[in-house]
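Peer 1: Listed here are the chains, written in short residue letters.
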Amino acid sequence: MTMQVLFDVKQRTARAVRLLFLTTLISAAPAVIHAQEDAQSEPERITEPNLALADAPRQNLSGLEWLQRLAQINRTSNFEVSFVLTRAGQEMTPYLWRHAVLEDGLEAEQLNLQNGPGQEMIRLGNVVSVFEPDVQPYSIYASAISGPLPSDLLYNPGALSDAYQFITIGRTRVSGRAAQQLRIVSRDNKRYNYQAWLDEETGMLLKLDMVDLQGSLLEQIQVTAVNVTEQPSPYFSRINPQALPGAVAMTPKPRQHQWEVKFLPVGMEEIKRETRRLAMTGQVVEYKLFSDGMVDVSVYVQPAQDSLDSDVVLRHSTNTFLSLTNGQVQITIIGKIPPQTAYEIAHSIGAAGE
Amino acid sequence: MTQQHEKLSAFMDGELDDNGFVDSIKNDSESLAKWRSYHVIRSGLRKEASVMPEFDITAQVAAALEQEPTVLAPKAGWKSLPIVNKVVPLLRQSGQLAVAASVAAAVILGVQQVNQQPAAEEPFTTFQTPMIPGMPQTGMAPVSLEQSNIVPNNRSGDSDALLQKRRQINALLADHEQQLKLKQAEEQSQQAAESEPNQP
Chain S
989 MTMQVLFDVK
999 QRTARAVRLL
1009 FLTTLISAAP
1019 AVIHAQEDAQ
1029 SEPERITEPN
1039 LALADAPRQN
1049 LSGLEWLQRL
1059 AQINRTSNFE
1069 VSFVLTRAGQ
1079 EMTPYLWRHA
1089 VLEDGLEAEQ
1099 LNLQNGPGQE
1109 MIRLGNVVSV
1119 FEPDVQPYSI
1129 YASAISGPLP
1139 SDLLYNPGAL
1149 SDAYQFITIG
1159 RTRVSGRAAQ
1169 QLRIVSRDNK
1179 RYNYQAWLDE
1189 ETGMLLKLDM
1199 VDLQGSLLEQ
1209 IQVTAVNVTE
1219 QPSPYFSRIN
1229 PQALPGAVAM
1239 TPKPRQHQWE
1249 VKFLPVGMEE
1259 IKRETRRLAM
1269 TGQVVEYKLF
1279 SDGMVDVSVY
1289 VQPAQDSLDS
1299 DVVLRHSTNT
1309 FLSLTNGQVQ
1319 ITIIGKIPPQ
1329 TAYEIAHSIG
1339 AAGE
Chain B
20 MTQQHEKLSA
30 FMDGELDDNG
40 FVDSIKNDSE
50 SLAKWRSYHV
60 IRSGLRKEAS
70 VMPEFDITAQ
80 VAAALEQEPT
90 VLAPKAGWKS
100 LPIVNKVVPL
110 LRQSGQLAVA
120 ASVAAAVILG
130 VQQVNQQPAA
140 EEPFTTFQTP
150 MIPGMPQTGM
160 APVSLEQSNI
170 VPNNRSGDSD
180 ALLQKRRQIN
190 ALLADHEQQL
200 KLKQAEEQSQ
210 QAAESEPNQP
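Just so you know, the protein sequences line up as chains S and B, in that order.
Throughout the first sequence, residue numbering follows our numbering, covering 989 to 1342 in sequence.
Throughout the second sequence, residue numbering follows our numbering, covering 20 to 219 in sequence.
Hints may be right or wrong, so weigh each one.
A few chain S residues that face chain B, going by a derived Cβ cut-off under 8 Å, partial list only [what the hints assert, rightly or not]:
(1) Ser1050
(2) Leu1052
(3) Gln1056
(4) Ser1134
(5) Phe1251
(6) Ile1322
Below, in silico cross-link-like pairs of lysine to any residue (SDA-like), each with a Cα-Cα straight-line distance of 25 Å or less [claimed, not checked]:
(7) B:Lys200 to S:Leu1112
(8) S:Lys1276 to B:Lys202
(9) S:Lys1260 to S:Val1115
Cβ pair distances, simulated, as ranges [stated by the list, open to error]:
(10) B:Glu213 to S:Glu1108: 23 to 33 Å
(11) S:Arg1226 to B:Glu206: 51 to 61 Å
(12) B:Glu34 to S:Met1080: 46 to 56 Å
(13) B:Glu213 to S:Ser1050: 34 to 44 Å
(14) B:Ser56 to S:Val1199: 49 to 59 Å
(15) S:Thr1313 to B:Ser56: 14 to 24 Å
Simulated from the structure, these hints should not be mistaken for lab results.
In this text the structure is predicted, and so the values were computed from the model without any measurement.
Virtual Cβ for every residue (Gly too), placed ideally from N, Cα, C.
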C-alpha cells in the first residue's frame, strides 16, 4: 500500500518534470510543420514531435470524443503502425499494422506478426484472410482483424460506454509525440482497467496498458512508429484478391442450454451460445461467449465425469482460467478478467428459468 | 533506559551475548525504534545507506496490511489444488496465480493425442459447423500456448491423471483462443449473405 503511494509520488514528479519539459518545448520551438509525405516515399520514422500542431480546442475533448476521433481515423485514413505487445513474464512481440482505403472505397487492413514464422492477416472489406504456419490459409467474414487491440476500442468506442468510463488525464509524451492520456475504467470494478495514450495531432493510438485492480501492468501495447499517408501503402496494390482463399460462411446454430449465467459484470453481454466438441479432446461442451467490447469471456459447461476432479485456477498469459466442479457439471471460465470475477461468474451459474 | 541503549549498542557491535536481550527489544517499541535508527546511522556511516531515518515503512506497511481486505478466492487453498501444487512450485514462492508452465507442458501431449477423437455418435450434430480449411477439428495447432522458454520439469514424475488434466486445460484454452478468432464470423456471415444473396 504505502510502497504504491510512494511510487505514485515518484511517478507524478517524473510526469511533472516531463510536462515542464513539454511546455518549454512548445513555447520555445518554432512551428515545425511537416508536409504530408508522398505515398511512394519510404515510410518516414517519426523523429520530431510536431508539438506546434496541438491546437487548443482539442484540449477540451471528452474521453469518448477522443476515442471517436480515433475510430474515425482508423476507418478513414491510410496508415502504417509498428507496435510491440508485452505481457507480464513473456517476450515482446512486434507487429506491423497497415490500413488503407482503396480507390474503390474498399477498406483494406493488414496485421503482421513480425517475429518467428509470423502470422499474416489481411482484411479486404468484411473478409479476413489468415495465413499461419502449419495451417492452410483460410478466410472468414469479419469487420475487423482479431488482433491484440480490441476492435471495439479501435472502431466502435460507443459500444464500450455501458461497461467502461473514459476519463481524460492530461497531456504527456509517448513515442516522441505529444499525447493525450485516457483512463478506461470498468464501471463496476470487476474487470481490468486500461490506460490509453492518443496522439494529439493525428488521433492515433500510441500506447495501451492493461492494468489489474491493484494497478500493476499486465499487458502493454507500445507504438514505435506511425506513418499516416495520403495514398494507400503500395503493399495493398500487391494483393491479388482472387488469390486469397474463399471466405467460409458460418451460420449460427444456437442451442438452448439448461443453465444460465446470473452474474455478469456491467455491460457484458452474451454474443454466442452453442454446443460442440473440443478440437483437442473431443469432449462435448456447452459453450457461451460473453463480451463487453474490451474483453471476451468463455464459459464452458460439461458433464462432471470427464472433469478435472479438482478445482483449478491458473493464469495463462493474461487469461484467467478457473474451473469448478459443481454437482454434476464442471464449469470453466476463461478470459482476461480478475480471478475474483471469474469466481463470481462461475458461482452464479444456475438452472435456466429459475 | 540509558543502560538499555548501551546494551543495544553493544549488541549491535556483537559484543553482547544475551539471547533474552533480543526479546526485550522486540517488546519495547522505543528500543525497537532506536535499534532501527542505529542501523540506519551505521549504514549511513558505511555509505551503504540509501534510506533516510524517517523513511521507515515497515510500521506503515504492517498497519496497511492489517487493514487490507482479504482477497476473495476459491475456498480451496492454492496448495490444495493438485495441479498447481505439483506443477508450479513457483506459486508457493511468489504467492501469485500459477503461471502457464502446466499448460506449456501439456501442449506436446495435446498434439500427440489429437487424433484419438471418439466417434461422433452422440446426438450433438452442431459441431459440424462448416469446416474451415485451415482449422480442421483434428489438426488444429495448439494456438499460442506459450511460446516462451518454460520447460516442463520432472515429466517422469507426472502421473497419467495429471497429464490428462493438463490436456483438458489445454483443450479449453485452445478452444477459447479459437472462439475469439471466429467471434465475428457468424454475425458477419449473415450480413454478407443478406447483402450479397447471389454469392455462394
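Peer 1: Would you mind marking each hint as holding or not holding in the structure?
Peer 2: Do the hints match the structure? See the list:
1. Ser1050: violated (28 Å)
2. Leu1052: violated (23 Å)
3. Gln1056: It is violated, given that the least Cβ distance between S:Gln1056 and chain B is near 21 Å, above 8 Å.
4. Ser1134: holds (5 Å)
5. Phe1251: violated (13 Å)
6. Ile1322: holds (4 Å)
7. B:Lys200 to S:Leu1112: Holds, because 17 Å separates the two Cα atoms, which is no more than 25 Å.
8. S:Lys1276 to B:Lys202: Holds, because 11 Å separates the two Cα atoms, which is no more than 25 Å.
9. S:Lys1260 to S:Val1115: holds (20 Å)
10. B:Glu213 to S:Glu1108: 23 to 33 Å: holds (29 Å)
11. S:Arg1226 to B:Glu206: 51 to 61 Å: Taking Cβ atoms as reference, S:Arg1226 and B:Glu206 lie about 30 Å apart, which means the hint is violated.
12. B:Glu34 to S:Met1080: 46 to 56 Å: With a Cβ separation near 54 Å, B:Glu34 and S:Met1080 satisfy 46 to 56 Å, so the hint holds.
13. B:Glu213 to S:Ser1050: 34 to 44 Å: Check passed, 35 Å falls within 34 to 44 Å.
14. B:Ser56 to S:Val1199: 49 to 59 Å: 37 Å Cβ-Cβ, so the 49 to 59 Å window is violated.
15. S:Thr1313 to B:Ser56: 14 to 24 Å: violated (55 Å)
Hint compliance for this structure: hints 1, 2, 3, 5, 11, 14, 15 are broken, all remaining hints hold.
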